[in-house]
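Just so you know, the sequences run in chain order A, B and C. Number 658 in my numbering belongs to position 6 of the first sequence; there are no gaps in the numbering. Number 353 in my numbering belongs to position 309 of the second sequence; there are no gaps in the numbering. Number 421 in my numbering belongs to position 392 of the third sequence; there are no gaps in the numbering.
Note that these hints are calculated values from the structure, not bench results. Incorrect hints may appear among the rest.
Said to hold, decoys possible - With a straight-line cut-off of 25 angstroms between C-alpha atoms, the simulated SDA-like cross-links for lysine to any residue are:
hint: 1; chain 1: C; residue 1: Lys714; chain 2: A; residue 2: Asp762
hint: 2; chain 1: A; residue 1: Lys751; chain 2: B; residue 2: Asp347
hint: 3; chain 1: C; residue 1: Lys226; chain 2: C; residue 2: Leu240
hint: 4; chain 1: C; residue 1: Lys717; chain 2: A; residue 2: Met719
hint: 5; chain 1: C; residue 1: Lys714; chain 2: B; residue 2: Glu198
hint: 6; chain 1: C; residue 1: Lys717; chain 2: B; residue 2: Ile195
hint: 7; chain 1: C; residue 1: Lys717; chain 2: A; residue 2: Asp762
hint: 8; chain 1: C; residue 1: Lys714; chain 2: A; residue 2: Glu758
hint: 9; chain 1: A; residue 1: Lys751; chain 2: B; residue 2: Leu167
hint: 10; chain 1: A; residue 1: Lys751; chain 2: B; residue 2: Ala335
hint: 11; chain 1: A; residue 1: Lys751; chain 2: B; residue 2: Leu176
hint: 12; chain 1: A; residue 1: Lys751; chain 2: B; residue 2: Ala339
hint: 13; chain 1: C; residue 1: Lys575; chain 2: C; residue 2: Pro44
hint: 14; chain 1: B; residue 1: Lys247; chain 2: A; residue 2: Met719
hint: 15; chain 1: A; residue 1: Lys751; chain 2: C; residue 2: Gly722
hint: 16; chain 1: A; residue 1: Lys751; chain 2: B; residue 2: Lys247
None of these values were measured; they are calculated from a predicted model.
Each chain is listed here by its residues.
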Amino acid sequence: MNQELSSGFTIAANAPIAVALAISALLFVIGLVGFLCRRNMIIMFLCTELMFQGAALAMIAFARLRMDVSGQVFVIFILTVAAAEAALALALVVLLYRKRETLSAEAWSDLGES
Amino acid sequence: MVPTIFYAACAIAAAGLALLLMQSGSKFRMGATILGLAGIAWILVIVVQTIPTPTSEMGPLGLMILCAFVSVASAVRVITHHRPVFCALYFVLVVVSGAAIYVLLSAEFVAFSLVIVYAGAILITYLFVLMLAQQSPADIGSADAVDYDRIAREPAGAVIAGFVLIAVLGGSVFSVSEQKAESILDQNRAIRQGWGDLSMMPKLLLEQARRTDSTVTAVVARTDGQMIAVQTDHSAIISVQRAGQMTPSDLTLAPSLLPDNTSRVGMALVTRFPVSLELAGIILLMAMFGAVVLARKQTDIADDDRRALAGLGKVMDGNQSSQGKANR
Amino acid sequence: MVGSWRIMTQLTSIPQAIIAPELSWVGLALLLPLLAAVACALCCALRVKGKAAAIITILALAASFGIIVKAYFAYTGPVQVPIFQWLSFQWGTGQFQSFTANCGMYIDTLTLYWMLFVTGLGTLISIYASEYMEGDCGAGYSRFFFGICIFLFSMSALVLGDNLIMLYLGWEGVGLASYLLIGYDYARPAAVAAGKKAFIMNRIGDLGLALGIFMLWANYGTLQYSELFAAMNKGGQTSVDWELSVIPFLLMLGAFGKSAQIPLFTWLPDAMEGPTPVSALIHAATMVTAGVYLIARMYPFFELHPEALATVAWIGGLTALLAATIGMAQYDIKRVFAYSTISQLGYMFLGLGVGTTFGACYHTLTHAFFKALLFLTAGAIMHGFAGQLDLRRLSGLRHLPGWRIVSWTMLVGCLWLSAFPYTAAFFSKDAILLKALTSVRADFRFLGWLGLFTAALTAYYTFRVWFRVCAGPLHFEPGAEGHHEPHDTHDKHDTHGKPAPALAAKSTHAFHPHAPRWAINGVLLILALGALVVGIPGYNETFAHKDNWAQQMIAGSSAMEGAGLAEDHGAEVSEAHPTVLGMDAHTGLTVVGCTASIGGILVAWYFHLRSRKSADQLRAALLRRWWIRWVPICMENKWYVDEIYHACFRLPMWLGAQILSFGDRHFLDGVMVDGLAKLPVAVGKIFKPLYGGALQGYAATMAGGIALVVAWLSWVWLRGFN
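Here chain A stands alone, though its shape is the one from the complex (with noise of 0.2 angstroms):
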């Protein structure tokens, strides 16, 4: 079954890159568990970040299968992008906390009917 694979398989085409692609799937699926599981809003911030470095770890990892930098670059603007959002949810977080005295996001349930 192997050899079947190895004849046309491309999406990682060398173990590396596989098990990067792997770690980065898990990544992002941690982030979105904990995102959804957590209540501590910064925690919920902590794990968007855990979702980027899973997108972020895919790029690189497709990045070196292309043997093509434009992955890295794309990773830079992850990071570009993900420190103004740190910026912004960190300053809105700080300003609910304020409002409200607690972390829990469950605080902030208004827009719902119940």
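Following the hints, put chains B and C in place on chain A, whose structure we already have.
Only chains B and C this time, still in chain A's reference frame:
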């Protein structure tokens, strides 16, 4: 490979993660950890097994798997730890191991910038905010943590959603029996692109050419418009002007003279993505403004005070002033 | 000289129409009423206060009449006049692969015959209405004349059209005009209800007509008269094929609806809610004869089923009797005349059914004149006595100055209606009854005797009106209307009971009847004269032994089969030796007819002029005896036909509507609409916990959605590879 095996590995990993998140008791913690790690290990084994690995890559692969375990385990700790500060520190571990993987994937510049920007800047900001927002208790124990940090919110549903995602995606990617597309991993193409990048840097090109032949005085454009001709043996031929010679002649450059990762990334940034670079700068600037505006202390100023600040006199009417007081 | 008239008709075929585009000026008879209608509508829109609409209408209709007269004198043979292409489709080359219904005219003698009295009476009655409706100047005056113009246009299209689609257009148009004019006084619920009733009952008949037209096309592939008649001339008329034999019955249904025959007659008495000129023109003289025209026009097709004409005869005879019995017991003058109209239409259908299209059409003509005359006199009385139409409250009007013309012209109308010997109606009714009584069929002979009996009843109720209203001591009570509102308001219930206290209290002397002026009087005189003139063909035939003009007219058209020209007629008499009461058919019928007519008049004279009390005594005596009391009660209540229809049709429909409404409210609305609306709400409640307002809920939905999409995509992807 049948995706069912992959699904099973995902299910085990998901079960471990869900148990860790449930916080049902410390007696499960060890079992849950083992279960989760086993699941992740199984996933990695399936992935590695899928790809035939030449022996030359066994070393990097080993390092990669080590980093993978560190990375995933600390990511799990990020989402399971009760104390936000520890979460942030575990995240630093994720970033550092991620940077190691970047290095293994020969993305050195990004790896270091990741460590500097993430671990150095962003995470420190997080820690600042964490410390600002909540007082750290004296002793370390989960009992003291606040409720919203201790109790996960519907972990089962979240884990199912997440791992369904990874199962179907990974299952489809890592279990394809045959794919018709031809290999993209074309070393020649990559090197040709490297030489192409180098041709856009005439000073660097001249420098590299002098390393081979110190008598080169200038790099000249060839008549066919191609400064560098890449040959099948990965070497490049460029046209140079040597000292004491009237006509330009060819010079062959070895692959070892290709620019390194940092210069290539920099080159790509300024030549292929200049607009994106500018936009990124603007985004950062706007984020800074936004953060300033958001985090500024907001105070309510009474009408009279506002008038005073604006350089106007107080309103004489008693009603008005009392209203101002009432507003305040 | 040999065989019955059926064989005769197979020898002589319907003359083939020639195409004559040069006669297209006759189309002005169609165009002028339409233009006048537009002008009247403009008058209506501009709120013209004067009588402009009446003048326009009278001029247009008079011009139309003039055109028809000119066409009559220019007539040489049947022509088909194309005007313009209206509906013309072709989707193949075969017989059934084209459909043509162009705007064109088919002019033969039947057309001219009909158009002459339609346009002529239309003009006269418009003149009459210009005075009659003057109280409405500035209000509904222009609207009224708009309706008249629309009616005349539609009637002309009906009669002149060269195909059945044109006829149908006109048929629906006259129905519309009838509806508009019955409901002219739309503020009165009775008028609105009557309009709706007329419209809906006509719809039932029109369904039959429409289906008949469909069947004609399906069987002959054309709706042009000339082609249809050509197809009939080829022979093979009688067929057992149901598709062909159903055609006459469907057409018949349309005719019964429009001409108020059993079972669709109840709308006509109610249609008297409209202004009297409308009753005279539309609901007595012209529109209701459209059914007769239809059957006369399509007469060859009534041979398609052997019992079709017999059905027409039976329906006509029974309608004549039924309507006459109801008319005997009504107190409202217009209603008496309305039932007499139904009854006389019954005679026409009887004539058509027993095979004398000549008799039917001649009766149509005479009836048009004397019935229009009667209605117009009734209208004049109503106009002058503030809506009073109860014949018990009017008496001796001939003694009142200014009412003499009305009284004596009414006498003319009554004499004609009662078929007084040697009046025009006597000849026309005679033609019908003679045919019936000399028929080889026993049931037709029975119908003939029934018709004679009905003639006696007719004479009785007609003169009941005249003796009550115009003869006797002078006495009158004004109607409920204000003097300057000469609408045809009369309370239906009031006419049966004692005078209302408020009415009785009104002093007779304080009320000054509003005598008719020159327009009404002039029209009445002209119509009386016309009633005399239409008798001329009858005098010619009877005394001068010349050809009857009407007979010649009918014999030259598609209705020629029943025209019964001299030799044809003679053949039958000589072979069957028909006798009436042992005498020669002609003589016998004259004797019997005179007896019936004069007998009826004498009875009316006794009960309603000489000793009016005895009429009430007779009624009381009848009511006292249990075995006979149902007769007056049923007659006064119109044999409860409306009530029976209500119970048989309206009530089940009402119940069905209630059930459907219930189903609509509770099943369609309740279960389907509201239930379906509740479904998303219920589904929403299932997913509501996800949207508690917490950020993670929304994120979870997003992640789950993405997971599902990815699952589906990868499944598709994998399937593509494996």
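Worksheet entry | Satisfaction of hint between Ala339 (chain B) and Lys751 (chain A), Cα-Cα up to 25 angstroms | OK: Lys751 (chain A) and Ala339 (chain B) at ~12 angstroms, within 25 angstroms.
Discussion item. Check the hint pairing Lys714 (chain C) with Glu758 (chain A) against an upper bound of 25 angstroms on the C-alpha distance.
Written reply: holds (20 angstroms)
Practice prompt. Take the C-alpha atoms of Lys717 (chain C) and Met719 (chain A), compute the straight-line distance between them, and say whether it is at most 25 angstroms.
Written response: violated (48 angstroms)
Practice prompt. Compare the distance between the alpha carbons of Lys751 (chain A) and Lys247 (chain B) with 25 angstroms, and conclude whether the hinted pair is satisfied.
Written response: Answer violated: Lys751 (chain A) to Lys247 (chain B) is near 58 angstroms, above 25 angstroms.
Worksheet item: Do the alpha carbons of Lys714 (chain C) and Glu198 (chain B) lie within 25 angstroms of each other, as the hint requires?
Response: holds (18 angstroms)
Discussion item. Run the distance test for Lys714 (chain C) versus Asp762 (chain A): straight-line Cα separation, threshold 25 angstroms.
Written reply: holds (18 angstroms)
Practice prompt. Could you grab the alpha-carbon distance between Lys717 (chain C) and Asp762 (chain A) and see if it respects the 25 angstroms cut-off?
Written response: holds (14 angstroms)
Worksheet item: Within a Cα-Cα threshold of 25 angstroms, do Lys247 (chain B) and Met719 (chain A) meet the stated pairing?
Response: holds (24 angstroms)
Discussion item. Need the status of pair Lys717 (chain C), Ile195 (chain B): alpha-carbon distance at most 25 angstroms?
Written reply: holds (22 angstroms)
Worksheet item: Within 25 angstroms, alpha carbon to alpha carbon, are Lys751 (chain A) and Leu167 (chain B)?
Response: With a Cα-Cα distance of about 24 angstroms, the restraint between Lys751 (chain A) and Leu167 (chain B) holds, given a limit of 25 angstroms.
Discussion item. Check the hint pairing Lys575 (chain C) with Pro44 (chain C) against an upper bound of 25 angstroms on the C-alpha distance.
Written reply: Since the Cα atoms of Lys575 (chain C) and Pro44 (chain C) sit roughly 23 angstroms apart, the hinted pair holds (cutoff 25 angstroms).
Discussion item. Between the alpha carbons of Lys751 (chain A) and Asp347 (chain B), is the straight-line distance 25 angstroms or under?
Written reply: Given pair Lys751 (chain A), Asp347 (chain B) holds - Cα atoms ~23 angstroms apart, limit 25 angstroms.
This entry does not satisfy hints 4, 16, going by the numbered hints stated previously.
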